[in-house]
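Chain order of the listed sequences is U and S. Once you know that position 73 of the first sequence is 73 in my numbering, the rest is easy, because the numbers rise by one and skip nothing. Every number in my numbering is 1000 more than the matching position in the second sequence, counting from 1.
No wet-lab data here; the hints were simulated from the structure. Hints may be right or wrong, so weigh each one.
To be verified - Label pairs and their computed distance ranges (CB to CB):
1) S:Pro1059 x U:Trp196: 24 to 32 Å
2) S:Ile1070 x U:Ala195: 23 to 31 Å
3) S:Pro1079 x U:Leu141: 23 to 31 Å
4) U:Ser16 x S:Ile1070: 27 to 35 Å
5) U:Leu141 x S:Thr1073: 33 to 41 Å
6) S:Thr1035 x U:Pro113: 35 to 43 Å
7) S:His1093 x U:Arg118: 36 to 44 Å
8) S:Ala1034 x U:Leu140: 41 to 49 Å
9) S:Arg1033 x U:Val172: 17 to 25 Å
10) U:Trp169 x S:Ala1086: 23 to 31 Å
11) U:Lys170 x S:Ser1031: 16 to 24 Å
12) S:Arg1033 x U:Leu129: 37 to 45 Å
13) U:Arg118 x S:Thr1035: 22 to 30 Å
14) U:Ala26 x S:Thr1073: 18 to 26 Å
No residue lacks a Cβ here, since even glycine has one placed at the ideal position from N, Cα and C.
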Amino acid sequence: MSISQAVEAAGYGSRSEFRRGVASCAPVLLGTIPYALVLGAQAAQKGLSTLELSMMTGLNFAGGSEFAATALAPFLRDLPRRKAFPALFFLCDESWALGLADAKQRAAADITPVFSPRYYMGAALVMYLTWASFTTLGALLGPMLGHVETYGFDMAFPAVFLVLMRGMWKSVAAARPWLVSLVVAALVHLFIPGAWYVAAGAVSGPLAGWLMAGDA
Amino acid sequence: MATLVTIVLMAGVTYLTRIGGYVMLRNRVLSARATATMEAAPGCVLISVIAPAFVSRNPADLLALAITFIAATRLSMLPTVLIGVAAAGLLRHFMG
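Here chain U stands alone, though its shape is the one from the complex (with noise of 0.2 Å):
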């Protein structure tokens, strides 16, 4: 089904955008949810007590979403600022990604307006409150957790992440910028310890980009 064919089955009423939010975080909740249940059995080990482990995740629920925050700052422009900053603070690098990926969609497809505020905050709850609880759980349930990992659960963010990539995809030469984050980020990643790896290839991309596009 496409975005214009979704948005019309769904009507335009704003509970049913929020409901196709709430919708669409489903595959990537196969992800969030043991990858949190892990982050709170670890943070559990290294003592930080449930409450302080339930402020950490309610409260810094982000992950690199800074950078993400100005990406999307362009479709945000038409929305009043008390809504723009709430809407901010549930951000995380999936509820930003769904939004975004929307919003292209949306522009795409000429409906507008282009950003939907309430299918945004549909997912953006649903991750929120997802995350903040098996967080909790997690701690909670620690010693009797195995490894995630071994089952093959942490593939569901590259799987989501390359859907998502592929709905913003346009030519070969707008991907370019891609290439050169991936590159950069995977380099990074191998020699230099720490999350250095997001930030280095979220900046080396679009720079290339700026500079490649001036030689066109």
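Take the given structure of chain U and dock chain S to it, following the hints.
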């Protein structure tokens, strides 16, 4: 107590950086070059986050990623995720 304060401070800083980009960009009119760069940015962030998977030392992981990649180019979200998770789980089990 110190941990709690740190966590709340971290939350504040994280949130500020998040709204920072939005506040700076919301009322700007961007050039064609800047627009093209901005449009490439989301994909750049996505691929950067999953970049470690592309340089995994485990052959089973790489093969599973290749299968997931092919699935992602043809199928929608849910089947791709299911194929990716199943491929990773099975290949790791049988390839060690």
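Each hint, compared with the structure:
no.	hint	result
1	S:Pro1059 x U:Trp196: 24 to 32 Å	26 Å, holds
2	S:Ile1070 x U:Ala195: 23 to 31 Å	28 Å, holds
3	S:Pro1079 x U:Leu141: 23 to 31 Å	30 Å, holds
4	U:Ser16 x S:Ile1070: 27 to 35 Å	34 Å, holds
5	U:Leu141 x S:Thr1073: 33 to 41 Å	37 Å, holds
6	S:Thr1035 x U:Pro113: 35 to 43 Å	19 Å, violated
7	S:His1093 x U:Arg118: 36 to 44 Å	42 Å, holds
8	S:Ala1034 x U:Leu140: 41 to 49 Å	48 Å, holds
9	S:Arg1033 x U:Val172: 17 to 25 Å	19 Å, holds
10	U:Trp169 x S:Ala1086: 23 to 31 Å	25 Å, holds
11	U:Lys170 x S:Ser1031: 16 to 24 Å	18 Å, holds
12	S:Arg1033 x U:Leu129: 37 to 45 Å	40 Å, holds
13	U:Arg118 x S:Thr1035: 22 to 30 Å	27 Å, holds
14	U:Ala26 x S:Thr1073: 18 to 26 Å	21 Å, holds
Against the hints set out earlier in the document, a violation occurs for number 6 only.
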